[in-house]
Structure formats: structure tokens, C-alpha cells
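Visitor: This is what each chain is made of:
Number of protein chains: 2
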Amino acid sequence: MQHTDIVLLFSDSEKYVGTAVKVCGWVRTSAEVKPMTFIQINDGTTSLKNLQLTIDQTRFDDEEYKLRIKPALPVGTAVYAEGELVASERNVVELLVSEIRVLGECPGDYPLQKKKTSMEFLRTIPHLRLRTNTFKAVFTVRARLSYAIHKYFNENGYKYVQAPIITNSDCEGAGEMFRVTTQPWATDYKTEEEYNSEDYFGCKAGLAVSCQLEGEMAALGGLGRIYTFGPSFRAEHSNTARHVAEFWHVEPEVCFVDLDEIIEIGEDFIKFIIRDILESCKEELAFFDRFVEKGLLDKLNHVVNSEFAKVDYTEAVEILQKSRQKFEYPVYWGADLQSEHERYLTEEVYKRPVFLKNYPKEIKAFYMKQNPDGKTVAATDLLVPGIGEIIGCSERETDLEKLQQAMRDRNMPIEEYTRYLDTRRFGSVQHSGFGLGLDRMVMYVTGMTNIRDVLQFPRTYEHIY
Amino acid sequence: MQHTDIVLLFSDSEKYVGTAVKVCGWVRTSAEVKPMTFIQINDGTTSLKNLQLTIDQTRFDDEEYKLRIKPALPVGTAVYAEGELVASERNVVELLVSEIRVLGECPGDYPLQKKKTSMEFLRTIPHLRLRTNTFKAVFTVRARLSYAIHKYFNENGYKYVQAPIITNSDCEGAGEMFRVTTQPWATDYKTEEEYNSEDYFGCKAGLAVSCQLEGEMAALGGLGRIYTFGPSFRAEHSNTARHVAEFWHVEPEVCFVDLDEIIEIGEDFIKFIIRDILESCKEELAFFDRFVEKGLLDKLNHVVNSEFAKVDYTEAVEILQKSRQKFEYPVYWGADLQSEHERYLTEEVYKRPVFLKNYPKEIKAFYMKQNPDGKTVAATDLLVPGIGEIIGCSERETDLEKLQQAMRDRNMPIEEYTRYLDTRRFGSVQHSGFGLGLDRMVMYVTGMTNIRDVLQFPRTYEHIY
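Line by line, the protein sequences are chains A and B. Using this note's numbering, read the first sequence as starting at 2 and increasing by one per residue. Using this note's numbering, read the second sequence as starting at 2 and increasing by one per residue.
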């Protein structure tokens, strides 16, 4: 029999069958059927598959055994064990224990003793909920999805740009920014200018709501095709199951492509990352399919195998108006579609993801390319069943005059955007990009229905969890 | 001859030799040797290698040619061209142009017209400097290094955790935190408690200086081995070539490993990411070796091929004291070593990277494992030639009592760390981790000597670039 001196990672178990190994992990369940004790442990490197420690009590001196296993090993106890790793029935590996000891006890007030606990309760212990099957699986999928995003862009010639989080511009012009300051809470400056000039950066600073403008500056003339991937912030005063104040944001920016081409890239990207987790996270997705969202696997397989619908906003409004569906909010040309409309289109009409394109310019941002009709912009949202909008995408306006006019129409301070506008003055070219909220994507692929359950420590209005 | 309808990415050029292609890019240089015109363009997908457009003026009607190429195409002009891609001498590909047109002009006030510009000047135009060879190369290496970091951890069973940036705890206890608020600049609350309770989160909030505590909570009992990788913030009032207020921070946390094992992991990690860019960024590193830091390639090859030194702090202090070197700051047991000491050890004594370990507990953070000697902690810094400290690393204290005592010794508010301390109450195990500043690592591998030149838009004291 071979011996290994390293502590086995459970994710490598199958390679070590027939070997004497050392393992560490936390107790998930434990049962005694005299003279045997069976303990399931997990070391975190697998989310759902545990390792069974099989203890033949007769192999131990009675006193010694009691000393080590006390009456029993409660859930959450950390243990070290040695023994031979063998393949048992049903393709599971188990460890025939020759040595065991407790590394860290887990006392009776451990909040995860009970098998069934509610999501609401688990939100009150975010530092411990990663120890449950559901959250191990959610965060395993989230990690892999993030890696797939990096893989997609790196394998397709994009460069990762880490744009600053602290900013003095407001990309969306929505004014929902957090201020960043080192000033004491109470100040007696006479004017806001004085307050700002005395602050850490010598000017007013806030947290970025988007890195798009910095992404455009990096792509245009410099790196050609880039992506940013980091946290973005919105100080929205809403408490819904889809909104958080701090979320992770993926924003590619691609030169020399128009709206139809960026739509193709977006579709290719979404299919790539879903295909990746379908292959890499089989166990976790099967778990979600069984316990969280029935039909999840069918839904995801359908997405990677179907061509996404592409529909004009104008046509979508007509479809909604002609439908017999009762909506809470009215539908008319020029209206910003609500989640109920988006979900009706993707779930009932098209039954697959839909790129809705060419929105009225009044409801979209200043940087979007103005269409020749004078009424719409080359913008598109990707709507998916169960969620609604998941990607916001557009071709950008490249004409300096039109861009400045759009800013004036929105009362934006043009002088604060000199650098951004320089990209339109010096070698301006066609370019397009999109933004994906990672957290909503994690919800979509796991079936979790509250965004608070896909972030380790969610930050929401009135709440630092 | 084959035709392709897609716009060629320059990084794919070699695949398309002998094909009729479409290209887009920005003019880097342009020269006329009648009847030929030679224009070097770049599309950002390669940092240094340009594509040569070769125009035989006799192939164009005279009027038409002037219309398209006006007198000349200034640097920074965006162009579209079609033609046949051919291999020319010296393993370079060029395009025999059959069609060319200007996409975006670049007027005479373009700040990057001159070939030689100073780093100081380029810092005043951070939105345009990515268009220069040096910065294209810096940000190409930065992007690839970031991807290599993700690859290393994903290929070794670590899960990416996106810890929150907005926090209400101060990991290092250093008090150099930015406040995050939505309160108006001038307030007339009577107390700070009132101010905080009326704020967005209902409590005081700031920007994370480290994600280590969240990383420990994710690893212990949950995911086993994790890494965080995102921005961290320090409101330090210092203006040096090594300090920024916002930097990118990689922080792995690994259960069941001690100080010596995490040192091995750190060494393996550093060698992996350097080896990766030595292979993936040959052109860029050759450029830095030639123009930025002579001997850079030798330095990096030496690092991947040498075993890092491991030295006790106590021994290092003796070596420094016995040396005949004049230091600005005194050296004695208990002193926090300065950059001059660190560089002397790594550059003069060991001539390779050095892990300095077992520091006096008074100069290190509360969470580090206390050694049996009662005087030192199981902490180590990795020192590299030219930079000094690049990784801060430690085994963490797992004993609840000792950890709480270390917090009391530092006057820390223990009651604010209940969640963190829970990891020591419920199944506590040995674990270790380290922190690497990405920006300093980019400096190290490119030879750039000012941290402001490795961030797209650096944020420093009194400056939002």
C-alpha cells in the first residue's frame, strides 16, 4: 500500500484510492451502528460530496476510542484522520480509519445543528451559512462562473482592465452615488466647495456605478477590446429581491463592432459561461435542479442550444399591447418596460432569451448611438426567463457633436467629461459594449430567488449583513 | 485567394497570410517613398507588433488617392483598409492595400504626436497614455498577470470569493479607512451615532483595507481554500512612488496548512505567475528589458529557477547589525524593518527573493499565530530585489483565548468581531494565508518604478488622476 504524507484534498479523492492518506475536514453527519461508527466529513474542496470515515471500534482500545470520539462528534467539529482510502459501493470512496483526533470542537450553541433551516434565518448568519450544502453549492457555482468569464475574454483576445472604483464622475448620470470621504462626520465648512477641497482627494469623490467610460477610454486607440470585472455601487433606496448596493459587474468594450455584432458576442458569451458550468458544476446544478428550481437543467440546456430571439422594441410594444395579459403598468411606445413585461415576452411569447433592441432614446443613457430615425438608439437588453433583464448593451455614439447634444439634452456638465470626449476627438471609431450583473447571473443559473443569497455578505439599503 | 468577411484581429495575423482581409486600426507612423506609402497601424490586440499597410499609389486614381490619404495620415487617425495579407521579410506580415478610408480623424492638438514624452507628462493624460508602446505593454502584462493569478488558484482547487468592499470592520486596525456615506456634506446631527443611524446603511460604513477576515470566514468550515481578488483601500497621507489609495489585492486563505506550507504555496504561486508571463508576454518583456530595466529578463528567469531563501527575522537583524552598510534607520531586535533593510537583505546578502519569518509580535497584526517563544508570531514577508516587501503572509491564530487577548492588547473592540471569532468557536482549525499587491507585482515584472504608471487612473493622496 502506498502512503502519502500530504493532507488529501477531497476533490482529488478518486486519484488516491488504495493509498494510506491523511485527511482533515468538518463533520457533516455521524452515526453509530455498533461496533461501527460512520462519520461524513467535508473539507470544502467539494461542495456536496463528503468523505465517509468508517471506524471499526474494535480496532481501538476502549478508553482511547472514547477519548477521541467522546460520546459522539457533533456537526461542525473539525477532525483529522488517517487510514486507507477504499472504493466502496455506489462509486463512493471511504476511509478505513486507523487514527482519528479532534482538531476543533463545536459546542452546543452552534447555529447549524438542525438539518432544516430557513433562508431568512441563514441570512442572519452569513459568516456560517457557507457551511451548508446550498451555500457551498451557490458559492462554488459563483466562483466557477467568474472563472469562466475570465476564460471567455482571455481566450478571445480581450484584456482585463481594472478600472478605478473611486471616481469623480457619474457614468449613468443617475445621481445614486455613495460619497467617499475622510472628513469627520460633523463639519463646519461654510460651503461644499471648501468641504471638498479639504477632503482626501482635494475634490468630491464617490463610488463608481459603472466602469464603462473608463473601459471605452482603455479600448479606443489603446487596447482595442477590453473587459472590466469588479464591484459597482448603487445607493438605491429600494429593498427588493433583485437589488443590492454593491454588486459585481462585467463590462466588455469592443472596438470596430456594431450593435448586431455585439449582440452576437453577448449570445456567444452567455452560452460559453453556461456551457462551462454545465460541465464543471454537474453535482451542484443537479442539486439545484432537485431542491431549488425544478427544471433548471432543462432551462440551461435549452439556452445553450437555442438561438436567442432578436426583436425590435417597437414590435415588442405592439405584441404586448395586442396580448390579453393584464399588466400592472401600462404599455405604450416610449414606456420603459417593467419586469412584468420583460418576463411575459421572454417566458410566454418567445420562451427563450430575447435581445430587445432599438429603444426610445429618452429612456436610455446619453452615450448610446442615435439611430437614423431620430427617435431610437442602438441599445439592446437581453431578457431571460425568470429574471427579466440580465444584460444592458449598446453601440456607443462616436460622433462628438451628437454626443455633446445628448449630454446637453440631459443637463449634464460637459466640462467634466473632457477626457471621455477626447476619445471622440482623436481617432474615434465604432465600438460597442455591454454590462452583465454577475449576481443576477448566479441567481439565473442556480435558481436562487433572492440576490441576498448569492453574495457572501450582501449590502442593501439599511443593511450591512 | 481566400476572402474573409470579418475584421481581422492583429493578434491573429499569422493565421490569415495569403488571404484577402479587412482591417481597422490606429496610425502609429506613416512614411511616403514615392510611389509607395507605408503606414504602420495597430488595433490594440497586439501591444507592440503593428501591421504595415503598403499602398502602391499607382493603383489608385490620383484624385481618389488624395481624397483618402489627404496629404498624410497623422498619428492617431483611425483607418479601415482592405487588401491581401502577405508575409514580408523579417517574419513580418503586411497588407497590400486595395481599399483604404479614414474612420476617425486625429487633429493637430493630439497630445501624443511627439515620439518622446516624459512619464510625468503622460500622467497628466491617463486617458490617452494607453495608446503608447510602454503603456500598451504595461497593461497587457497587467491583464495577463491577473489571468495567471486566476488560473493558478482555479487549477489548484481554490474558490474565488468576492468579499464586500463596503464594510463596517477595520481588518488591520490601522484606522486608515475611507468613510462611505450618502449624507449631505453639511450636517447638523448632534451626535455621531445619530449621523450614522440616519446614513444609508443605518451604521457607519467604510471601504475595506483587506478582505482577509471575510476570506477566513469563507474558508473555515465552508470552502476550505479560497482567494479574494479585488480592490482594497488605504487612506494613507503619503505620496510615494509605491503608495496608492486604491490598489488591487490578492488574498488566498488555506485551511489545514501551517506557516512553512503557506510559504511553499507562496513560492509556487509567484513562480507560476512569472513563468506564465515569461511565456505569454515575450514581446512586452523584451521591450521592458531593453527600454525600462536592463537585466529584467535575467532577473525574472533567476526568480523562477532559484529556491527562495527562508530566514528568521532574528537572524536577519544580526546580519544587518554585523554588516558595514550605513542605514538611515537603526536596526535592533523589535524594529519594523524599513525598505532599505529589506532591499539590502534581498539584493546584497541573498541575491534572490527572501521569506523573512517569525517577526516580533508587537509589530504585526492581531490575527497572527503566536509562537511558543511568547515573543514572535508565525508571520513572514516575501522580500524581492528592487521592491522590498511584496507578500505579507502568516499562519493565523486559531486559539480563541489567545486571539481575544491579542485584541485586548491592541485595544480593539472585541464585540465588533463576534462573527470572526465564531470561526474559532465552531470547529477551529489551523489555517494560513497571504496578501499580494497586484500593482507592486506589475512594477516588479515590468521594471516600472512608479506605481502611478501601472494603474489606469491612479488614486493617490490629494489626486484623482
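Don't read these hints as lab results, they were simulated from the structure. It cannot be assumed that every hint is accurate.
[Said to hold, decoys possible] Quick list of the computed label-pair ranges, beta carbon to beta carbon:
1. A:E341 with B:V18: 33 to 43 Å
2. A:R426 with B:D57: 43 to 53 Å
3. A:G19 with B:D261: 39 to 49 Å
4. A:V34 with B:D259: 34 to 44 Å
5. B:E193 with A:E15: 51 to 61 Å
[Claimed, not checked] A short list of chain B residues far from chain A (calculated; beta carbon distances all over 12 Å):
6. T5
7. T20
8. D57
9. E64
10. V94
11. E193
12. E195
13. E215
14. E237
15. V312
16. M413
17. F427
18. P459
[As the list claims (entries may be wrong)] List time: in silico PhoX-like cross-link candidates among lysine-lysine, alpha-carbon distance up to 25 Å:
19. A:K283 with A:K300
20. B:K352 with B:K376
21. B:K35 with B:K16
22. B:K117 with B:K50
23. A:K152 with B:K191
24. B:K311 with B:K50
25. A:K311 with A:K205
26. B:K327 with B:K117
27. A:K152 with A:K205
28. B:K50 with B:K205
29. B:K191 with A:K50
30. A:K376 with A:K352
31. A:K272 with B:K152
32. A:K16 with B:K152
33. B:K352 with B:K272
34. B:K283 with B:K117
35. B:K323 with B:K272
36. A:K205 with B:K205
37. A:K152 with B:K352
38. A:K191 with B:K300
39. B:K283 with B:K300
40. B:K376 with B:K365
A quick note: this is a predicted structure, and the numbers were derived from the prediction, not measured. C-beta atoms are modelled at their ideal positions from N, C-alpha and C, and glycine is treated no differently.
Visitor: Just checking, T20 of chain B versus chain A, shortest CB gap more than 12 Å?
Guide: T20 of chain B clear of chain A: closest Cβ-Cβ about 18 Å, beyond 12 Å.
Visitor: Run the distance test for K376 of chain A versus K352 of chain A: straight-line Cα separation, threshold 25 Å.
Guide: 29 Å, violated
Visitor: Is the straight-line distance between the alpha-carbon of K152 of chain A and that of K191 of chain B 25 Å or less?
Guide: 52 Å, violated
Visitor: Is 33 to 43 Å a correct range for the gap between the Cβ atoms of E341 of chain A and V18 of chain B?
Guide: Check failed, 54 Å falls outside 33 to 43 Å.
Visitor: So T5 of chain B supposedly isn't at the interface. Is its beta-carbon more than 12 Å from every beta-carbon in chain A?
Guide: 14 Å, holds
Visitor: With d taken as the least Cβ-Cβ distance between F427 of chain B and chain A, does d exceed 12 Å?
Guide: 5 Å, violated
Visitor: Measure nothing beyond the straight line between the CA atoms of K191 of chain B and K50 of chain A; if it is 25 Å or shorter, mark the hint as holding.
Guide: 55 Å, violated
Visitor: Within 25 Å, alpha carbon to alpha carbon, are K311 of chain B and K50 of chain B?
Guide: With Cα atoms ~41 Å apart, K311 of chain B and K50 of chain B exceed 25 Å; violated.
Visitor: Going by Cβ atoms, does D57 of chain B stay more than 12 Å from chain A at every point?
Guide: 25 Å, holds
Visitor: Please work out if K327 of chain B and K117 of chain B have their alpha carbons no farther apart than 25 Å.
Guide: 38 Å, violated
Visitor: Please settle this one: E64 of chain B was flagged as non-interface, so is its CB more than 12 Å from every CB on chain A?
Guide: 25 Å, holds
Visitor: Does the structure keep K16 of chain A and K152 of chain B at a Cα separation of 25 Å or less?
Guide: 22 Å, holds
In this structure, the hints that do not hold are numbers 1, 2, 3, 11, 12, 13, 14, 17, 18, 20, 21, 23, 24, 25, 26, 27, 28, 29, 30, 35, 37 and 38, in rising order.
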